[in-house]
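Chains A and B, in that order, give the protein sequences. The C-terminal position of the first sequence is numbered 422 in this note's numbering, with every residue numbered one higher than the one before it. The C-terminal position of the second sequence is numbered 1422 in this note's numbering, with every residue numbered one higher than the one before it.
No lab work stands behind these hints: they were computed from the structure. On a predicted model such as this, the values are computed, not experimentally measured, just so you know. One or more of the hints may lead you astray.
Stretch-level coverage of chain A by chain B, calculated; a stretch enters the list once three of its residues show a Cβ under 8 Å from a Cβ in chain B [what the hints assert, rightly or not]:
#: 1; region: 71 to 81
#: 2; region: 121 to 133
To give an idea of the chain B side of the interface with chain A (calculated C-beta under 10 Å), a few residues [claimed, not checked]:
#: 3; residue: M1065
#: 4; residue: G1075
#: 5; residue: T1112
#: 6; residue: T1142
#: 7; residue: V1260
#: 8; residue: V1283
#: 9; residue: E1285
Glycine residues also receive a C-beta, built at the ideal position from the N, C-alpha and C atoms.
There are 2 protein chains.
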Amino acid sequence: MARINEHYLKLAGAYLFPEIARRVEAFAALAPELAGRIIRCGVGDVTEPLPASVVAAMHRAVEEMGTREGFRGYGPPWGYDFLRDAIAEGDFRERGIAVDREEIIVSDGSKTDAGAILEIFATGDANRIGITDPVYPVYVDTNVMAGNTGPARPGGSYEGLVPLACTEENGFVPEPPDERLDLVYLCFPNNPTGGMIDRPRLEAWVEWALRHEAIILYDVAYADYVTDPELPRSILEIEDARRCAIEFHSFSKNGGFTGVRCGYTVCPRELRGRTAAGDAVPVLELWKRRWSTRSNSVAYVVQRAAEALYSEAGRRETRALVDGYLANARALREGCAAMGLRVHGGEHAPYVWVGCPDGLDSWGVFDRMLEDLQVVITPGAGFGRLGEGWFRISAFNSPANVAEVVRRMQDAGRLTAAPATG
Amino acid sequence: MARINEHYLKLAGAYLFPEIARRVEAFAALAPELAGRIIRCGVGDVTEPLPASVVAAMHRAVEEMGTREGFRGYGPPWGYDFLRDAIAEGDFRERGIAVDREEIIVSDGSKTDAGAILEIFATGDANRIGITDPVYPVYVDTNVMAGNTGPARPGGSYEGLVPLACTEENGFVPEPPDERLDLVYLCFPNNPTGGMIDRPRLEAWVEWALRHEAIILYDVAYADYVTDPELPRSILEIEDARRCAIEFHSFSKNGGFTGVRCGYTVCPRELRGRTAAGDAVPVLELWKRRWSTRSNSVAYVVQRAAEALYSEAGRRETRALVDGYLANARALREGCAAMGLRVHGGEHAPYVWVGCPDGLDSWGVFDRMLEDLQVVITPGAGFGRLGEGWFRISAFNSPANVAEVVRRMQDAGRLTAAPATG
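For reference, chain A alone in the conformation it holds in the complex:
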């Protein structure tokens, strides 16, 4: 009799985005005359077409794969050198950060990486794990599935994970805690709050991690949205972060790769974990072994697509995509302000984080925005206990749709607990 992984049974309810999809479908079925008006600012999914240089690179790679000379079978387990070199040069060395090819592992995206990284660490209560609240739910759910938590608590958190509060008071950037932690998830620019960390506060985290021999799992999926050169785009800009951090990169939100599937991690050679007996083990060696045994890397065509993002044209096109989404974010901030709401984020991130008006919780706002405005947002409660009282509005949409959303917001006037229609 095969025994299942019972940790899965602790998972509280459906994953956030399927639940949103369910409510949108239900609304469209109840009010079919309004279904065509629905504009989705919920899931953080890009909407603009792939850059021309990416399209051209993919066509070339497909062509190669159709010829005997150009055909490529299994690729190197950690990604092709052409891509790892382009990454090392374009994202690090050009910015004065020493990262080399061997420290870069190409993957099919940050969601995969966020779950996979837990495979190389001990499970159960071997590590004390810190996770921001609110947070990208995948960090939490993958820990539950790996057996690193106790049961769910009311509100969606889990026993055994240490919450790091991100509040309006601390500008949505947590301070390092007084206690020991072994693994800490940080993400800046932040999903969902759109908040951004400055260099002194990131230095404080690195110093804290070195003192506690903790490892920071640092997610920079939104690095290209940082528009202020004084703000850190990579934790590896901080001295000594190589001894305490693994960095997670994605091409989803800059190159528009949500449907292309490519990202990468940087695991510095110096980074060490420990056995129960206290022996130091290079984390990179475990991480490489994870990938060579569990995967055959990413499609050749996809790796050529990612490489094209580092070409001169690719960078220009990426910049234009990101600038477009940032302009959307600015417009959405204004729209939300017009509804009398407290607004954060959206300056160095494609997400605007908005306070719920008195008398409405975040699923309440979700339902009101859907029913009254036909605009889909993401309720903050889906991101953790401290996400309650907030909602996330995504700038990933066409400028025309964003203008329409803002117009609807302005027409609707102040969002209050009393329904605007019906």
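Once you have looked at the hints, place chain B on chain A.
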């Protein structure tokens, strides 16, 4: 201090194929004048270009992704319906097997699936796990990494995994054991032996699994190499297998997708696992949750490529590819026979399984074949204790290269323990 997953430290040496690559590189460095002569029949990697219908489908999909109307971001977590429907129809319903879309999960390949499936089962000694010997090493290594084994034993096996012997005597098809097992890996047509199971023996396995409430992890990556219609291409052809099997499919070896990365699993709705308390849990629900939380599925372009394999042209082209590799396998059988070796497999599989001559072990044959003939094979010892005394020769090559390998074998004459050169 972050604690690592110490199960990784049990892994015995490098993964097989990196070790082969290392020896080939070392030989090429020592004998650069012979390096150009090397023909690789080691790794089971296809060599022929992608089918024209696949190339055309990928071009179309790339084109779509470059337009606002055609662009696709995040896809459904378990694969697009167009592909799941094509699979359900083409691989099952047309053959009279009832499988529907919802039971099919698209992935980036069988290697990923083989590791990922363990995530939904309990680890440690909660399940008794049977693995054939010899075997595709990924089944073993992923169990080690998941913590399902004790330490390595001499010869490369691990305490805690129950070996199912595949020998010349049983035609490389193990009988169901007398003891209880909870999870059993079977692969037919087999990698590495090229052996094939017949229907009565597969029925015996299904009957055994139902009696013991075991789950069979059934790998049919090579199903299209079955040329005898009396032999089972899918375990789901057997009555009641829906209550005891998960099937693993790959497009690597029929469509030539080793560099495209796509495969799928079929997890029947009726399949149940148990909690420690004995409650039955539908395995499909856990498996779907695994994929929706840990991945964002496979590139749209890749899913369109896989769909094209089910078109009329795609089927014709796939058949031609497989027939070509099967013709290679026949030629290699003859070449090995010319060297006075015992030959198995290669009839319903792209692998020929060859006995080592007296006085040479399988790494010895590897070195002799490399040094004397400049032909790379895979030593049987890399596949398990009972693989020693055998080697695998892969038919994945161009017809011209295979003809050249056969010519070299015939020229070399009998392979004996005494070196032919030097």
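Do the hints match the structure? See the list:
Counting residues of the region 71 to 81 of chain A whose beta-carbon sits less than 8 Å from any beta-carbon of chain B gives 5, enough to reach three: the coverage restraint holds. A stretch counts as covered by a chain when three or more of its residues have a beta carbon under 8 Å from one of that chain; for the region 121 to 133 of chain A and chain B the count is 5, and the coverage holds. Because the beta carbon of B:M1065 sits about 5 Å from the nearest beta carbon in chain A, less than 10 Å, this interface hint is met. Hint status for B:G1075 relative to chain A: holds, with the closest Cβ pair at about 6 Å, below 10 Å.
Hint status for B:T1112 relative to chain A: holds, with the closest Cβ pair at about 5 Å, below 10 Å. Checking B:T1142 against chain A by beta carbon gives a least distance of about 6 Å; that is within 10 Å, so the hint holds. Because the closest C-beta pair between B:V1260 and chain A is about 5 Å apart, less than 10 Å, the hint holds. For B:V1283, the interface hint holds, since its Cβ comes within 10 Å of a Cβ in chain A; the closest pair sits about 7 Å apart.
A cut of 10 Å between beta carbons decides the hint on B:E1285: the least distance to chain A is about 9 Å, and the hint holds.
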